[in-house]
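Q: These are the residues of each chain, in order.
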Amino acid sequence: MRRMGKIAVIATVAALALTGCGSDDKKENGGSDSAKGPKVGLAYDVGGRGDQSFNDSAYKGMEKAEKELGATIEEAKAAPGENDDIRAERLRTLADAGFNPIIAIGFIYSPAAATVAAEYPNVKFAVIDGYSSTIPKAPLDNLSDLGFAEEQGSYLVGVAAALKTKDKHVGFVGGTHGDLIKKFEAGFTAGVKSVDRTIKVDVQYLTEDPNDGATGFENPSGGKDAATAMFDAGADVVYHAAGKSGLGVFDAVQAAGKGHWAIGVDSDQYLTVDAAQQPFILTSMLKRVDTAVFDFVKAVKDNTAKPGFTVYDLAADGVGYSTSGGFVDDIAEQLNAAAEKIKSGAVVVPTDPAKVK
Amino acid sequence: MLAFIAGGFVLLSAVRVISGADEITSSGTLAVTLTATMPIALAGLGGLWAERAGVVNIGLEGMMIMGTLGAGYVTYHHGVLAGVLGAIAFGMIGGALHALATVIFGVDHIVSGVAINIIAAGIAGFLAEAWFTDLPGGGPTQSPSLADPGKINLSFLSEPASNLEDKHWFLVSDLASVVEMFTKNLSVLTLLGLALIVGSFFLLWRTRFGLRLRSCGEAPEAAESVGINVYRYKFTAVMISGGLAGLGGAYLALVSTSGFQVGQTQGRGYIGLAAMIFGNWRPTGMFMGSGLFGYTQALPFRDGTHSVHALLLVVAGLLVAVAVIQWLKGSRRNAIISVVLGAVFLTWYLTTDIVPADFTKMAPYVTTMLVLAFAAQRLRMPAADGRIYRKGSSG
Numbered sequence: 001m002r003r004m005g006k007i008a009v010i011a012t013v014a015a016l017a018l019t020g021c022g023s024d025d026k027k028e029n030g031g032s033d034s035a036k037g038p039k040v041g042l043a044y045d046v047g048g049r050g051d052q053s054f055n056d057s058a059y060k061g062m063e064k065a066e067k068e069l070g071a072t073i074e075e076a077k078a079a080p081g082e083n084d085d086i087r088a089e090r091l092r093t094l095a096d097a098g099f100n101p102i103i104a105i106g107f108i109y110s111p112a113a114a115t116v117a118a119e120y121p122n123v124k125f126a127v128i129d130g131y132s133s134t135i136p137k138a139p140l141d142n143l144s145d146l147g148f149a150e151e152q153g154s155y156l157v158g159v160a161a162a163l164k165t166k167d168k169h170v171g172f173v174g175g176t177h178g179d180l181i182k183k184f185e186a187g188f189t190a191g192v193k194s195v196d197r198t199i200k201v202d203v204q205y206l207t208e209d210p211n212d213g214a215t216g217f218e219n220p221s222g223g224k225d226a227a228t229a230m231f232d233a234g235a236d237v238v239y240h241a242a243g244k245s246g247l248g249v250f251d252a253v254q255a256a257g258k259g260h261w262a263i264g265v266d267s268d269q270y271l272t273v274d275a276a277q278q279p280f281i282l283t284s285m286l287k288r289v290d291t292a293v294f295d296f297v298k299a300v301k302d303n304t305a306k307p308g309f310t311v312y313d314l315a316a317d318g319v320g321y322s323t324s325g326g327f328v329d330d331i332a333e334q335l336n337a338a339a340e341k342i343k344s345g346a347v348v349v350p351t352d353p354a355k356v357k
Numbered sequence: 001m002l003a004f005i006a007g008g009f010v011l012l013s014a015v016r017v018i019s020g021a022d023e024i025t026s027s028g029t030l031a032v033t034l035t036a037t038m039p040i041a042l043a044g045l046g047g048l049w050a051e052r053a054g055v056v057n058i059g060l061e062g063m064m065i066m067g068t069l070g071a072g073y074v075t076y077h078h079g080v081l082a083g084v085l086g087a088i089a090f091g092m093i094g095g096a097l098h099a100l101a102t103v104i105f106g107v108d109h110i111v112s113g114v115a116i117n118i119i120a121a122g123i124a125g126f127l128a129e130a131w132f133t134d135l136p137g138g139g140p141t142q143s144p145s146l147a148d149p150g151k152i153n154l155s156f157l158s159e160p161a162s163n164l165e166d167k168h169w170f171l172v173s174d175l176a177s178v179v180e181m182f183t184k185n186l187s188v189l190t191l192l193g194l195a196l197i198v199g200s201f202f203l204l205w206r207t208r209f210g211l212r213l214r215s216c217g218e219a220p221e222a223a224e225s226v227g228i229n230v231y232r233y234k235f236t237a238v239m240i241s242g243g244l245a246g247l248g249g250a251y252l253a254l255v256s257t258s259g260f261q262v263g264q265t266q267g268r269g270y271i272g273l274a275a276m277i278f279g280n281w282r283p284t285g286m287f288m289g290s291g292l293f294g295y296t297q298a299l300p301f302r303d304g305t306h307s308v309h310a311l312l313l314v315v316a317g318l319l320v321a322v323a324v325i326q327w328l329k330g331s332r333r334n335a336i337i338s339v340v341l342g343a344v345f346l347t348w349y350l351t352t353d354i355v356p357a358d359f360t361k362m363a364p365y366v367t368t369m370l371v372l373a374f375a376a377q378r379l380r381m382p383a384a385d386g387r388i389y390r391k392g393s394s395g
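First to last, the protein sequences are chains D and V.
With the first letter of the first sequence counted as 1, position 190 gets the number 190 in the working numbering; the numbers rise by one all the way through.
With the first letter of the second sequence counted as 1, position 72 gets the number 72 in the working numbering; the numbers rise by one all the way through.
Extracted from the complex, chain D is given alone in its bound form (with noise of 0.2 Å):
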């Protein structure tokens, strides 16, 4: 029994290091020594890199940068079930080894960015989405929240929607159900009735909690089911804001065949999905995370970074809808107007469902 006990001991220990290999990989691309351009630490939520929307957008910034200012990057990604306690210690990792910026993808930082932002006030710190520059009660000038106005972008592809739906009825898909995900929501809603007043509009959230991206942001068949019960119901067209769970909403949309939409999110998805589903994606509402991240390296370079929130909107073009696959060319007419009523601010778009008139 002795030698048993030995074997489960080992077994455990192997299966711990293992672990690690898997799900805090770390890449470091070229040398820290012989690097000119900014050190950039990254860090992920869960999923990271990989799902072809938000945090790969955030990562082709990181590529140019890489490009054109020379910097080197880390990665850190984060494993599901995590407290912030957990992504203060990432951050803390980053910091210490000598990273600067430190860039936090995704609002669940922005309690550790606060916390960590103040242990190390020469590092600069940066949340896209975030709220972190709200949290300290004295305001901290290394630390800054990159958001967007999603509600205009969705707005836009509201506006797109209802002019294509056939039978009135389209849909929207949330990943998590948090403030951050209601301004798309609002957005969408906005732009549909917008257009025609007696549209209805499906909304389903994959989960109500705020803080579950695993079920809100990664679960493609969640996507796919809350899609496809939008299709059956008579929904001929569906945004999805849900990360990569927006992956099912395609396979759904792919299911239900020729007259149906899905509208994709923060990047342009109808590069990314397979050629199958290419003409099933009307749009994408595009979130210009790279534009931000580029951005942000590139005032710490210069030295011109701004602490507290800076807003891509519309009229920055941190915000907007892709014309790929040219299927809403004959609508263009109609978008450009109402881009150019949100940037006159002829239209204010809510962000709150709620306040959606």
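Because the hints were derived from the structure by calculation, they are not lab data.
Take the hints with a grain of salt, since some may be wrong.
To be verified - Stretch by stretch, here's where chain V covers chain D in the computed footprint (C-beta under 8 Å, at least three residues):
{"id": "1", "segment": "229-237"}
{"id": "2", "segment": "278-290"}
What the hints assert, rightly or not - Across the chosen pairs, the derived CB separations fall in these ranges:
{"id": "3", "chain 1": "D", "residue 1": "A346", "chain 2": "V", "residue 2": "L81", "range": "56 to 62 Å"}
{"id": "4", "chain 1": "D", "residue 1": "A346", "chain 2": "V", "residue 2": "F156", "range": "54 to 60 Å"}
{"id": "5", "chain 1": "D", "residue 1": "T134", "chain 2": "V", "residue 2": "A195", "range": "56 to 62 Å"}
{"id": "6", "chain 1": "V", "residue 1": "N185", "chain 2": "D", "residue 2": "A316", "range": "30 to 36 Å"}
{"id": "7", "chain 1": "D", "residue 1": "I86", "chain 2": "V", "residue 2": "I110", "range": "23 to 29 Å"}
{"id": "8", "chain 1": "V", "residue 1": "L370", "chain 2": "D", "residue 2": "G37", "range": "57 to 63 Å"}
From the three backbone atoms N, C-alpha and C, an ideal C-beta is built for every residue, glycine too.
Position chain V relative to chain D; hints supplied.
A: Just chain V now, kept in the frame of chain D:
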């Protein structure tokens, strides 16, 4: 058992007519239920094979993860048929590891199973990054889109059924939904899974091989004394267990969605284990348990706030039925408790029009707890389940 299913179905149908929540037995809901049920049932079937031979297999989750990875890699390179076989083979690797540790080395079953879960998650994350990062449409945490294993459509049956369903007649339309579920877009893998469940029943309970295998889970010493090679039966059972869990993984990667994703099992291996326990280590009960999980997983998306509200009435009806049975058995106290609970659910149903969205997502867990609370009293696991068996220990 059949009477129980039929009774439940009539109750569902009646509730649908009373409440007007048509989604609770619509063909769409049932189709999604079937898709959600199969991976859980395959994992559960894997658990059943292992535990019938006396090995607790909590490593099902890990073997399922191996299956998703195998399906992703092999399908992409060699096509869907090879992919399904690859998933089974990957699952079997996990099974072989578990069998080696528990049967040959005598490691505690839980320790080995948990280790396999952790190793599999790590390996899948590591290999996914190595294999899929540079493929078109792939990424460090996902494979490219994969081919579908094929679907069966019997439109000469499904179309009349669909018409009948739209009439919303009591029982007739609900049965039509069931017909439609099995004749429209039925995945080949679903059919394979159902065949394996039925086949496992016959193999384990109607053949000499099955009797010997089960004897290893009930009384291994006695089995050895009549000349059965207990190690070999246990090893075989755990390998098959891993293969079935791997097939469940293939189902997730090829049917539930169209590609491998890191973390896509989302605990279904554990749920399968729970479904097997709920089903009293029997295939039919295990499948019903999986169906229950699948149904409550599908329903929140189908007009959830209304559908789950209608379920309150179903629960009230079930509780009343339980009360009647308990009363007839002479246990008055349990009968009264059931009636009171039933009245609570009925009141809840009558005083509200919908349930909150938060509650719809909670429904699977609440249902599970309720059902397990009623079922748990009558469960009997294989007598030597989870015990470490040493050759020659019968003396």
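Q: Assuming the hint says 30 to 36 Å, is it satisfied by the Cβ distance from N185 of chain V to A316 of chain D or not?
A: For N185 of chain V and A316 of chain D the Cβ distance comes to about 45 Å; the hint is violated.
Q: That 57 to 63 Å hint for L370 of chain V and G37 of chain D (C-beta), does it hold up?
A: holds, 60 Å
Q: Checking C-beta pairs, does the segment 278-290 of chain D have three or more residues closer than 8 Å to chain V?
A: violated (count 0)
Q: Can the suggested window of 56 to 62 Å be confirmed for the beta-carbon pair A346 of chain D and L81 of chain V?
A: holds, 59 Å
Q: Please test the hint of 54 to 60 Å on the beta carbon pair from A346 of chain D and F156 of chain V.
A: At 57 Å between Cβs, range holds.
Q: Between I86 of chain D and I110 of chain V, does the beta-carbon spacing fit 23 to 29 Å?
A: holds, 26 Å
Q: Taking a Cβ-to-Cβ distance below 8 Å as contact, does the segment 229-237 of chain D have at least three residues touching chain V?
A: Satisfied; 3 residues make the cut.
Q: For T134 of chain D and A195 of chain V, compare the CB-CB distance with the range 56 to 62 Å and indicate the outcome.
A: Given a distance of about 58 Å, which is inside 56 to 62 Å, the answer is holds.
Checked against the numbered hints above, the structure breaks hints 2, 6 and satisfies the rest.
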